[in-house]
Amino acid sequence: MLADPGRAVSRPVLFDAVLLDRDGTLVEDVPYNADPDKVRPMPGARAALDRLRAAGLKLAVVTNQSGLARGLFTDRQMHLVHRRIEALLGPFDSWQVCPHDDGDGCACRKPRPGLVHAAARALGTVPARCALIGDIGRDVTAALAAGAAGILVPTPVTRAEEVAAAPWVAADLPAAVAEILRRQASLSPAKPMSGAGATGARRSRRGRPGDGRTVLVVRSDSAGDVLVTGPGIRAVAAGAERVVLLCGPRGRAAADLLPGVDEIIEHRLPWIDPAPAPVDPAEMAALVTRLSAVAADEAVVFTSFHQSPLPLALLLRMAGVARIAAISDDYPGSLLDVRHRVPAGVPEAERALSLAAAAGYPLGDGDEPHLRLRPVPPPPGEAGEPGYVVLHPGSAAPARGCPPELAERIADELNAAGYRVVVTGGPAERDLTARVAGRHCRDLGGRTGLAELAGVVAAAGAVVVGNTGPAHLAAAYGVPVVSLFAPTVPFGQWGPWRVPTVRLGDATAACRDTRAARCPVPGHPCLSGVEPGAVLDALRLLGVPPDRTPTGSTGSRPVPEVAGVGAGGTR
1 MLADPGRAVS RPVLFDAVLL DRDGTLVEDV PYNADPDKVR PMPGARAALD
51 RLRAAGLKLA VVTNQSGLAR GLFTDRQMHL VHRRIEALLG PFDSWQVCPH
101 DDGDGCACRK PRPGLVHAAA RALGTVPARC ALIGDIGRDV TAALAAGAAG
151 ILVPTPVTRA EEVAAAPWVA ADLPAAVAEI LRRQASLSPA KPMSGAGATG
201 ARRSRRGRPG DGRTVLVVRS DSAGDVLVTG PGIRAVAAGA ERVVLLCGPR
251 GRAAADLLPG VDEIIEHRLP WIDPAPAPVD PAEMAALVTR LSAVAADEAV
301 VFTSFHQSPL PLALLLRMAG VARIAAISDD YPGSLLDVRH RVPAGVPEAE
351 RALSLAAAAG YPLGDGDEPH LRLRPVPPPP GEAGEPGYVV LHPGSAAPAR
401 GCPPELAERI ADELNAAGYR VVVTGGPAER DLTARVAGRH CRDLGGRTGL
451 AELAGVVAAA GAVVVGNTGP AHLAAAYGVP VVSLFAPTVP FGQWGPWRVP
501 TVRLGDATAA CRDTRAARCP VPGHPCLSGV EPGAVLDALR LLGVPPDRTP
551 TGSTGSRPVP EVAGVGAGGT R
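FYI, UniProt numbering numbers position 527 of the sequence shown as 527, with every residue one higher than the one before it.
Derived by calculation from the structure, the hints in this document are not laboratory data. Be aware that a few hints might be false.
Each pair of labels, with its calculated beta carbon distance range [said to hold, decoys possible]:
{"#": "1", "residue 1": "P404", "residue 2": "G345", "range": "27 to 33 Å"}
{"#": "2", "residue 1": "P380", "residue 2": "E263", "range": "28 to 34 Å"}
{"#": "3", "residue 1": "P99", "residue 2": "P545", "range": "24 to 30 Å"}
{"#": "4", "residue 1": "Y32", "residue 2": "G384", "range": "28 to 34 Å"}
{"#": "5", "residue 1": "P380", "residue 2": "D102", "range": "22 to 28 Å"}
{"#": "6", "residue 1": "P520", "residue 2": "P404", "range": "14 to 20 Å"}
{"#": "7", "residue 1": "E28", "residue 2": "G478", "range": "17 to 23 Å"}
{"#": "8", "residue 1": "P270", "residue 2": "Y331", "range": "20 to 26 Å"}
{"#": "9", "residue 1": "E368", "residue 2": "E263", "range": "23 to 29 Å"}
We put the CB at the ideal spot given by N, CA and C, even for glycine.
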């Protein structure tokens, strides 16, 4: 048990500040505006901002104003414009302005994350607890690179590539604000026994969630899936006496790393496994017997957005579990007591937290909504001193891995730029990691289990990886991620959560939203077009410097936008 369920707990907070771009987000975009009379608020802006203020969220404006550097208006004229904006939209807690042009090489001009960091400091918070709303790719890139949530509200100047690459898109400012507040509220617990779907007679025999009870939690999927469910499991553990986790073989190593789990049951579920064997009635009967032996008072069944909890809910009923909570769009009949629903696009970790809260289990007092792991071994000596860059080219789903030839070129580019590169992979990827590491990088392929890999990642300066488990390990340790993200699943749901990230790759590729495990398009075009120099620039954007003298020419390039798309405006 992680916390005393009888003690008052502070409610978990996703966001305590909202940062807003100025032109095109708060007010109509009048290029290089120096005239307060030309200020026109965006539709619904004042009411939306007042909702945030009423909810206790702090507000800041983060804006590029290159007109100062170009001599198109003065500082005094800009402040008069800002005074007019506040007269129309209400006060802001901080104004953060970049007065530079693109060629000045400053740290504050978006897409660099300097304004986000400055605003968070001014508001007394950290970027991970901020959401930034903007209308172009520069805004979203700056947010993600700082570790904040990035919300794109498209306007006619927003490029289609920027919309496709953004993790979170809202129709307008009021819609963005409504979703911020909904996601914030979803982490607070529902009233006890407020779930729908079970008979009143069964519900009336139960006590409050927790009360010294045993709770069975379920996540039967891959290691990455289990890792992102960790916050939800910790929330259950904060209010339960005993937590038993049911997982599959592919997620067992990750299950061993999760705080709050007292016991693990490993069993395949044929409606979840990607390559399932035929359903064996004797095996299902044995599972029911094993689940019955747990004597769980209730169960919380965590699933991904495309999976159904109902087959397992039926087995749990047969095992005598009296209260079951799960996310289900399908009608559950009497299989669920708490039938929770979550809109599309919510990060998987937040889905899990919201289900736990709906079942009556918020995160414990002082626990933050972040990925977190049990202690792991230190990295092996072969990895070298901390601060190296981990390059993990493979994936259990080949469609989400980095093409080998690209990984080789990335390793060479980073090595030439002065980065120490450690290449990692599983036992079946030894040939791949040896090829990528070559003569100049450290090859740990096949030498680490998941716990040892976590130790390697924890000591890294950054991780370069596709959409696979090590990205979530990095998020657990706050290690910046260069995400080579194939768009087979939504980035907003599966991208690294609440950690500084730069996304690279073609988010508009034909494989988008196919959930394909193997690339359905010849040549892996979503990632094969990434240039190694873009990875180098992403590390610079994340503030991860090389730690030795470069051995080759890797001249500076423009910093990347979301998924490497273009400049996204001239503000």
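Here is how each hint holds up against the structure:
{"no.": "1", "hint": "P404 <-> G345: 27 to 33 Å", "result": "holds, 32 Å"}
{"no.": "2", "hint": "P380 <-> E263: 28 to 34 Å", "result": "holds, 30 Å"}
{"no.": "3", "hint": "P99 <-> P545: 24 to 30 Å", "result": "holds, 25 Å"}
{"no.": "4", "hint": "Y32 <-> G384: 28 to 34 Å", "result": "violated, 49 Å"}
{"no.": "5", "hint": "P380 <-> D102: 22 to 28 Å", "result": "violated, 43 Å"}
{"no.": "6", "hint": "P520 <-> P404: 14 to 20 Å", "result": "holds, 19 Å"}
{"no.": "7", "hint": "E28 <-> G478: 17 to 23 Å", "result": "violated, 38 Å"}
{"no.": "8", "hint": "P270 <-> Y331: 20 to 26 Å", "result": "holds, 22 Å"}
{"no.": "9", "hint": "E368 <-> E263: 23 to 29 Å", "result": "holds, 25 Å"}
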